[in-house]
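K.L.:
Sequence:
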Amino acid sequence: DYFRKILDFLTAHPGFYPPTDSVFRAFSYFEITETKVVIIGQDPYHGKGQAMGLAFSVDRGAAVPPSLKNIYKEISDTIGYPDGIPKHGSLVRWAEQGVLLLNTTLTVSPASPGS
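Using my numbering, the letters of the sequence shown correspond one by one to residues 1 to 115.
By construction, these hints were calculated from the structure, which means they are not laboratory data.
What you are looking at is a predicted structure, and each value in this text was computed from that prediction instead of being measured.
Think of the CB as a built atom: it goes at the ideal place given N, C-alpha and C, for glycine as much as any other residue.
Mixed in with the good hints, there may be bad ones.
[What the hints assert, rightly or not] In silico DSBU-like pairs for lysine-lysine, Cα to Cα no more than 35 Å straight-line: (1) 87 with 69; (2) 87 with 36; (3) 73 with 87; (4) 36 with 73; (5) 36 with 69; (6) 48 with 87; (7) 48 with 73; (8) 48 with 69; (9) 48 with 36; (10) 5 with 48; (11) 36 with 5.
[Said to hold, decoys possible] What follows is a set of in silico ranges between Cβ atoms, one per label pair, in the way DEER data are often shown: (12) 36 with 14: 30 to 36 Å; (13) 3 with 81: 22 to 28 Å; (14) 8 with 81: 39 to 45 Å; (15) 97 with 21: 32 to 38 Å; (16) 7 with 80: 36 to 42 Å; (17) 19 with 78: 31 to 37 Å; (18) 9 with 77: 15 to 21 Å.
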């Protein structure tokens, strides 16, 4: 009921990111009891075409955001990437493996970080 109210509000007030159908996307890849790692972000990306429901992730084809570039660099410096640092910003594969990529705020107003 609580989540339904959130979705109803977002449907009645379009323009938030990510799109309404992706707000709870982080919970759609595995059963919560199968969670292996939790990575928490602050809020979704606030630019058009960036936020897609997974913290730090963007759809393939979108520019890799600076925060994700930093994550990739830290992983590369720590354990390396056999095939090099990814050229895309999609973390869907991580989610499919039980990584919960969750922002503390599920939505954001356009061009207004922290909103």
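K.L.:
So, for every hint listed, does it hold in this structure?
P.N.:
Cross-check of the supplied hints:
Restraint check: the Cα-Cα separation between residue 87 and residue 69 comes to about 9 Å, which is no more than 35 Å; the hinted pair holds. Only pairs whose Cα atoms come within 35 Å are accepted, and residue 87 paired with residue 36 is accepted, the gap being roughly 25 Å. For the hint pairing residue 73 with residue 87, the CA-to-CA distance comes to about 12 Å; that is within 35 Å, so the pair holds. Among the hinted pairs, residue 36 with residue 73 is consistent with the structure: their alpha-carbon atoms are about 22 Å apart, no more than 35 Å.
At most 35 Å may separate the alpha-carbon atoms for a hinted pair to count; residue 36 and residue 69 meet this at roughly 22 Å. At most 35 Å may separate the alpha-carbon atoms for a hinted pair to count; residue 48 and residue 87 meet this at roughly 20 Å. A hinted pair counts as satisfied when its Cα atoms are at most 35 Å apart, and residue 48 with residue 73 qualifies at roughly 25 Å. For a cut-off of 35 Å, the pair hint linking residue 48 to residue 69 stands: about 19 Å separates their Cα positions.
Simply put, residue 48 and residue 36 have alpha-carbon atoms about 30 Å apart, close enough for the 35 Å limit, and the pair holds. For the hint linking residue 5 to residue 48, the alpha-carbon distance of about 24 Å falls within 35 Å, and the restraint holds. Of the supplied pair hints, the one linking residue 36 and residue 5 holds, its CA atoms being roughly 29 Å apart against a limit of 35 Å. Remark: the range hint 30 to 36 Å for residue 36 to residue 14 is upheld by a beta-carbon distance near 35 Å.
Restraint check, residue 3 to residue 81: a C-beta distance of roughly 36 Å breaks the suggested window 22 to 28 Å. For the pair residue 8 and residue 81, the beta carbons lie near 42 Å from each other, so the given range of 39 to 45 Å is met. The supplied range of 32 to 38 Å is broken by residue 97 and residue 21, whose beta-carbon atoms lie about 23 Å from each other. At about 41 Å, the beta-carbon gap between residue 7 and residue 80 stays in the expected band of 36 to 42 Å.
The beta-carbon spacing between residue 19 and residue 78, approximately 33 Å, falls within the hinted interval of 31 to 37 Å. Here the CB-CB span from residue 9 to residue 77 is close to 42 Å, at odds with the stated 15 to 21 Å.
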